[in-house]
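Q: Chains as they are written, first to last, in the numbering used here: chain A, 40 to 150; chain B, 2 to 116.
What the hints contain is simulated information worked out from the structure, not anything from laboratory work.
Careful: at least some of the hints might be erroneous.
[Claimed, not checked] Under the rule of at most 16 Å between Cα atoms (straight-line distance), these lysine to aspartate or glutamate pairs were calculated in the EDC-like manner:
{"hint": "1", "chain 1": "A", "residue 1": "Lys-81", "chain 2": "A", "residue 2": "Asp-121"}
{"hint": "2", "chain 1": "B", "residue 1": "Lys-58", "chain 2": "A", "residue 2": "Glu-94"}
{"hint": "3", "chain 1": "A", "residue 1": "Lys-96", "chain 2": "A", "residue 2": "Asp-78"}
{"hint": "4", "chain 1": "B", "residue 1": "Lys-58", "chain 2": "A", "residue 2": "Glu-131"}
{"hint": "5", "chain 1": "A", "residue 1": "Lys-118", "chain 2": "A", "residue 2": "Glu-56"}
{"hint": "6", "chain 1": "A", "residue 1": "Lys-98", "chain 2": "A", "residue 2": "Asp-121"}
{"hint": "7", "chain 1": "B", "residue 1": "Lys-58", "chain 2": "A", "residue 2": "Glu-40"}
{"hint": "8", "chain 1": "A", "residue 1": "Lys-107", "chain 2": "A", "residue 2": "Glu-56"}
{"hint": "9", "chain 1": "A", "residue 1": "Lys-107", "chain 2": "A", "residue 2": "Asp-121"}
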Amino acid sequence: EDQVTQSPEALRLQEGESSSLNCSYTVSGLRGLFWYRQDPGKGPEFLFTLYSAGEEKEKERLKATLTKKESFLHITAPKPEDSATYLCAVQEDTGFQKLVFGTGTRLLVSP
Amino acid sequence: KAGVTQTPRYLIKTRGQQVTLSCSPISGHRSVSWYQQTPGQGLQFLFEYFSETQRNKGNFPGRFSGRQFSNSRSEMNVSTLELGDSALYLCASSLAGAQVGDTQYFGPGTRLTVL
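Extracted from the complex, chain A is given alone in its bound form (with noise of 0.2 Å):
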């Protein structure tokens, strides 16, 4: 069965202080890795998608990258407005659209 495990559950940070997320997999064939943002009482946001070992994307403050076993989500000199929920989801080869999320991490950056 596919598993997917987030760390750490939650961290704080300070303004531009930068860290990373770390997502764990196990699939037994991997056709994506997705990353998500979700704030208080909203849908997930999409981040990115990343689908082959090497792989690395970017997006602002925002870089993910990933590996045979594991995803990460490094973040570069954090800003308040990057608190949220950062959740990580696989997509197995054969299950159409099913997504596998983590139990995400709970970002808070202090001013």
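Fit chain B to the known structure of chain A by using the hints.
A: Then chain B, alone, in the frame of chain A:
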């Protein structure tokens, strides 16, 4: 381009009642998936519809059902509500549903409270 819309946004029901939630996907998107989000279990897959057919189903009891219409709009129904059904129900849509890493875009969700 309008995003995924869900109605209603908030709902309060009592145990034993049934409820119907609605989802309108992004224009041109043919696949609609439903997820349940709770503090204890996180986001869990309920089912996926594509061209009015259920293609995949998660591990939920038969009280949870859904359907998709010819215009790709989707509804999900929960019968005989239980306290544990209180959750945020999220709908997500994607383009064709069969392509590599087809991105799903989520709606704002319907917050269901069962009393």
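Q: Now look at each hint and say whether the structure bears it out.
A: Outcome of the hint check:
Simply put, A:Lys-81 and A:Asp-121 have alpha-carbon atoms about 15 Å apart, close enough for the 16 Å limit, and the pair holds. Restraint check: the Cα-Cα separation between B:Lys-58 and A:Glu-94 comes to about 30 Å, which exceeds 16 Å; the hinted pair is violated. At most 16 Å may separate the alpha-carbon atoms for a hinted pair to count; A:Lys-96 and A:Asp-78 exceed this at roughly 22 Å. This hinted pair checks out: B:Lys-58 and A:Glu-131 have alpha carbons roughly 14 Å apart, not beyond 16 Å.
Straight-line distance between C-alpha atoms of A:Lys-118 and A:Glu-56 comes to about 9 Å, which keeps the hinted pair within the 16 Å bound. With a C-alpha separation of about 12 Å, the suggested pair A:Lys-98 and A:Asp-121 falls inside the 16 Å cut-off, and the hint holds. Annotation: proposed proximity of B:Lys-58 to A:Glu-40 holds, straight-line Cα distance about 14 Å (limit 16 Å). This hinted pair does not check out: A:Lys-107 and A:Glu-56 have alpha carbons roughly 28 Å apart, beyond 16 Å.
In summary, the hint linking A:Lys-107 to A:Asp-121 is not supported, as the alpha carbons are separated by about 27 Å, beyond the 16 Å threshold.
Going down the numbered hints, you'll see the structure goes against 2, 3, 8, 9, while the others check out.
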